[in-house]
Amino acid sequence: MPINRDFLGRTFPASDPYEISRVKIRDFADAIGDPSPVFRDVAAAQAAGYPDIIAPPTFPIVITAAAGNRAATDPELGINYAMVVHGEQSFSYVRPLVAGDVVTTQTTITDIRAAAATRCSPTRPSSARSTANWCARHTRRSSSGAAPLDQGSAWLSW
Amino acid sequence: MAELVSTGQVKFADVEAGAELAEVSYPVTRLSLVKYCGASGDFNPIHWNERIAKAVGLPDVIAHGMFTMAETGRFVTDWAGPQGVVLELGVRFSSMVVVPDDDTGASVEVTGVVEEKLDGNRVRLALTARSNGSKVLTRSRAVVKLP
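Those sequence lines, one after another, are chains A and B.
For what it's worth, the numbering used here labels the leading residue of the first sequence as 1, then goes sequentially.
For what it's worth, the numbering used here labels the leading residue of the second sequence as 1001, then goes sequentially.
Worth flagging that the hints you see were computed from the coordinates, not collected in a lab.
The model shown is predicted, which means the values in this text are computed figures rather than measured ones.
Think of the CB as a built atom: it goes at the ideal place given N, C-alpha and C, for glycine as much as any other residue.
Don't take each hint at face value.
Label pairs and their computed distance ranges (CB to CB) [to be verified]:
{"id": "1", "chain 1": "B", "residue 1": "Asn1044", "chain 2": "A", "residue 2": "Asp111", "range": "35 to 41 angstroms"}
{"id": "2", "chain 1": "B", "residue 1": "Asp1101", "chain 2": "A", "residue 2": "Asp27", "range": "22 to 28 angstroms"}
{"id": "3", "chain 1": "A", "residue 1": "Thr110", "chain 2": "B", "residue 2": "Lys1135", "range": "25 to 31 angstroms"}
{"id": "4", "chain 1": "B", "residue 1": "Asp1102", "chain 2": "A", "residue 2": "Arg95", "range": "39 to 45 angstroms"}
{"id": "5", "chain 1": "A", "residue 1": "Gly100", "chain 2": "B", "residue 2": "Pro1045", "range": "33 to 39 angstroms"}
{"id": "6", "chain 1": "B", "residue 1": "Leu1031", "chain 2": "A", "residue 2": "Thr73", "range": "25 to 31 angstroms"}
Pairs of lysine to aspartate or glutamate residues, derived as EDC-like cross-links and limited to a Cα-Cα distance of at most 20 angstroms, are as follows [as the list claims (entries may be wrong)]:
{"id": "7", "chain 1": "B", "residue 1": "Lys1011", "chain 2": "B", "residue 2": "Asp1101"}
{"id": "8", "chain 1": "B", "residue 1": "Lys1035", "chain 2": "A", "residue 2": "Asp52"}
{"id": "9", "chain 1": "B", "residue 1": "Lys1011", "chain 2": "B", "residue 2": "Asp1102"}
{"id": "10", "chain 1": "B", "residue 1": "Lys1035", "chain 2": "B", "residue 2": "Asp1101"}
{"id": "11", "chain 1": "B", "residue 1": "Lys1054", "chain 2": "B", "residue 2": "Asp1102"}
{"id": "12", "chain 1": "B", "residue 1": "Lys1145", "chain 2": "B", "residue 2": "Glu1020"}
{"id": "13", "chain 1": "B", "residue 1": "Lys1035", "chain 2": "A", "residue 2": "Asp30"}
{"id": "14", "chain 1": "B", "residue 1": "Lys1035", "chain 2": "B", "residue 2": "Glu1016"}
{"id": "15", "chain 1": "A", "residue 1": "Lys24", "chain 2": "B", "residue 2": "Asp1042"}
{"id": "16", "chain 1": "B", "residue 1": "Lys1117", "chain 2": "B", "residue 2": "Asp1042"}
{"id": "17", "chain 1": "B", "residue 1": "Lys1145", "chain 2": "A", "residue 2": "Asp52"}
{"id": "18", "chain 1": "B", "residue 1": "Lys1145", "chain 2": "B", "residue 2": "Glu1116"}
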């Protein structure tokens, strides 16, 4: 099924607010094996100049993956989500995410292109490579109230 | 769990363009992936179920790309110290990290170089991540603001 190019530029409704907790940050830091005190000890984070413990740089994926997936799995977009491979990911930050931030996420499909499967889905097993013909980039912005927090962009391919 | 690499604070004035950052090896076991499934909410079975991973053509269970990216982020934050602020982090996933079901698992070796010193006390790092001899990330860059 070809991708629906009408989705290029489409912005999806904002996510429900997500409140970042100290416990979730610590669980995430544990899961990536990172013992740094700024991710788990309020006093250490404050000594480094932050208002509360901060989140590791890839933590925003916890909040935003669901919003991105909702966009990518819209049946009218025409993606076979079972075939999707995460090709690229980038984050840019206004400041570190801090425990207590209440984050909403807005997702926009910012690029759609036909591309050689090997260019955009290098991790796909070779047996499936010939079926992957499309790439889409979705960009999402997170904010706390009116204040922007970070922006992330991911290439998906299938 | 690996020990924290650096508890010191690197200063912008002390950083030189071209400086190489010492390689760090991060272990990845099946337990790491199960924990990452829970912490991230990504329960794709190719990250924990060998039967399904092999059924879709993979050699074995593979690590989440975002887990590998997280270890790269850890390399950056360990180097930058507690007051270093990551402003940008980006990667392209170029190969998979295969994680066998044994007591050793796999590892991701991350290295970096100070690519450029920028205005505003910012530094751009070029990063490399390898596993089992293959580059698992390419075009990996970070921009960090240092005190």
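For this session: Measure nothing beyond the straight line between the CA atoms of Lys1145/B and Glu1020/B; if it is 20 angstroms or shorter, mark the hint as holding.
Result: Holds, at roughly 18 angstroms.
Problem set entry | Satisfaction of the hinted span 25 to 31 angstroms by the C-beta atoms belonging to Leu1031/B and Thr73/A | Holds, since Leu1031/B and Thr73/A (Cβ atoms, about 29 angstroms apart) stay within the stated range.
Problem set entry | Consistency of beta-carbon spacing, Asp111/A to Asn1044/B, with hint 35 to 41 angstroms | Violated, at about 24 angstroms.
Exercise. When you check the alpha-carbon spacing of Lys1035/B and Asp1101/B, does it fall within 20 angstroms?
Worked result: Answer holds: Lys1035/B to Asp1101/B is near 15 angstroms, not above 20 angstroms.
Exercise. Under the criterion that the straight-line Cα-Cα distance not exceed 20 angstroms, is the pair Lys1145/B, Glu1116/B satisfied?
Worked result: Holds, because 12 angstroms separates the two Cα atoms, which is no more than 20 angstroms.
Problem set entry | Given pair status - Asp30/A, Lys1035/B, alpha carbons within 20 angstroms | Given pair Lys1035/B, Asp30/A holds - Cα atoms ~8 angstroms apart, limit 20 angstroms.
Exercise. Holds or violated: are the alpha carbons of Lys1011/B and Asp1102/B at most 20 angstroms from each other?
Worked result: This hinted pair is violated, its Cα atoms lying about 41 angstroms apart.
For this session: Go ahead and decide if the range 39 to 45 angstroms is satisfied by the Cβ distance of Asp1102/B to Arg95/A.
Result: 41 angstroms, holds
Problem set entry | Straight-line alpha-carbon gap Lys1035/B to Asp52/A, limit 20 angstroms | Violated - the C-alpha atoms of Asp52/A and Lys1035/B are around 24 angstroms apart, more than 20 angstroms.
Problem set entry | Pair hint Lys1035/B and Glu1016/B, alpha-carbon separation not exceeding 20 angstroms | 37 angstroms, violated
Problem set entry | Restraint check for Lys1117/B with Asp1042/B, where alpha carbons must lie at most 20 angstroms apart | The hint is violated at about 36 angstroms.
For this session: Measure nothing beyond the straight line between the CA atoms of Lys24/A and Asp1042/B; if it is 20 angstroms or shorter, mark the hint as holding.
Result: The given pair, whose Cα atoms are some 15 angstroms apart, holds under the 20 angstroms limit.
The structure is inconsistent with the numbered hints 1, 7, 8, 9, 14, 16, although it conforms to all the rest.
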